Amino acid sequence: NAGVMQNPRHLVRRRGQEARLRCSPMKGHSHVYWYRQLPEEGLKFMVYLQKENIIDESGMPKERFSAEFPKEGPSILRIQQVVRGDSAAYFCASSPTGGRNEKLFFGSGTQLSVL
Amino acid sequence: AQSVSQHNHHVILSEAASLELGCNYSYGGTVNLFWYVQYPGQHLQLLLKYFSGDPLVKGIKGFEAEFIKSKFSFNLRKPSVQWSDTAEYFCAVNADTGRRALTFGSGTRLQVQP
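Respectively, the protein sequence lines represent chains A and B. My numbering applies: residue 1 is where the first sequence begins, and numbers increase by one. My numbering applies: residue 1001 is where the second sequence begins, and numbers increase by one.
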């Protein structure tokens, strides 16, 4: 049973380009969470999605960032017109039912570097 | 809003030393508490969690944590660390109301010297 798969592992973009980060949850999981990790700052919640629905996007910047989790295919975190401050590790996690005491399964992350 | 504080950013211990990592949260209601670990080059994985019952919870690899409601704390402990415990440790909280996603602390980097 494959774990949470994120790709690419490393992504380099120049300022102004778009970044697309993909996350395939564990089989049978319909709840996906995106977190961003900056050095010395831990993991910051960005967005929580269920299949075809955004449940909570309160941690995601209003501009340039968007997320989706279509009926078929992986969840996508999209960053338009990237800036140097977007450089970070982006982690995706999934869970079966979204319960509050449920364990999250994490992917290995995507390291985004903006030149 | 819920928040989590981890006061120790970087801890260095020798093998066989005892470990205690602090975690405090701010939320007055019912909470679910977690410790996750990230070994070098690996993804985060769950060490242990508390959501009800015995406030002393035992996790994998000899770790345990104690929930003290009056102190809003959930400190992680291990009596005798090993070199292989070198990792980053994250405390996280999920309250019974409000945001459903976990809120993480800033993490503690543990370095165990052989």
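Possibly wrong hints are sitting among the right ones.
Non-contacting residues of chain B with respect to chain A, defined by C-beta distances greater than 12 Å in every case (computed) [said to hold, decoys possible]:
1) Ala-1001
2) Leu-1013
3) Ser-1018
4) Asn-1032
5) Leu-1046
6) Trp-1083
7) Asp-1085
8) Thr-1086
9) Ala-1092
With beta-carbon atoms standing in for the labels, derived distance ranges [as the list claims (entries may be wrong)]:
10) A:Lys-27 / B:Ala-1016: 15 to 23 Å
11) B:Leu-1046 / A:Ser-87: 41 to 49 Å
12) B:Arg-1109 / A:Ser-87: 33 to 41 Å
13) A:Arg-15 / B:Lys-1069: 27 to 35 Å
Derived coverage of chain B by chain A (criterion: at least 3 residues anywhere in the stretch with Cβ under 8 Å from a Cβ of chain A; other residues may be distant) [said to hold, decoys possible]:
14) 1070-1079
15) 1100-1114
Keep in mind that the hints were calculated from the coordinates and are not lab data. Because the structure is a prediction, the values reported are computed rather than measured. Every residue gets a Cβ at the ideal spot worked out from N, C-alpha and C, and that includes glycine.
Now the hints, each set against the structure:
no.: 1; hint: Ala-1001; in the structure: 9 Å, violated
no.: 2; hint: Leu-1013; in the structure: 20 Å, holds
no.: 3; hint: Ser-1018; in the structure: 24 Å, holds
no.: 4; hint: Asn-1032; in the structure: 4 Å, violated
no.: 5; hint: Leu-1046; in the structure: 5 Å, violated
no.: 6; hint: Trp-1083; in the structure: 23 Å, holds
no.: 7; hint: Asp-1085; in the structure: 19 Å, holds
no.: 8; hint: Thr-1086; in the structure: 18 Å, holds
no.: 9; hint: Ala-1092; in the structure: 8 Å, violated
no.: 10; hint: A:Lys-27 / B:Ala-1016: 15 to 23 Å; in the structure: 41 Å, violated
no.: 11; hint: B:Leu-1046 / A:Ser-87: 41 to 49 Å; in the structure: 28 Å, violated
no.: 12; hint: B:Arg-1109 / A:Ser-87: 33 to 41 Å; in the structure: 20 Å, violated
no.: 13; hint: A:Arg-15 / B:Lys-1069: 27 to 35 Å; in the structure: 48 Å, violated
no.: 14; hint: 1070-1079; in the structure: violated (count 0)
no.: 15; hint: 1100-1114; in the structure: holds (count 8)
When each numbered hint is compared with the structure, violations occur for hints 1, 4, 5, 9, 10, 11, 12, 13, 14.
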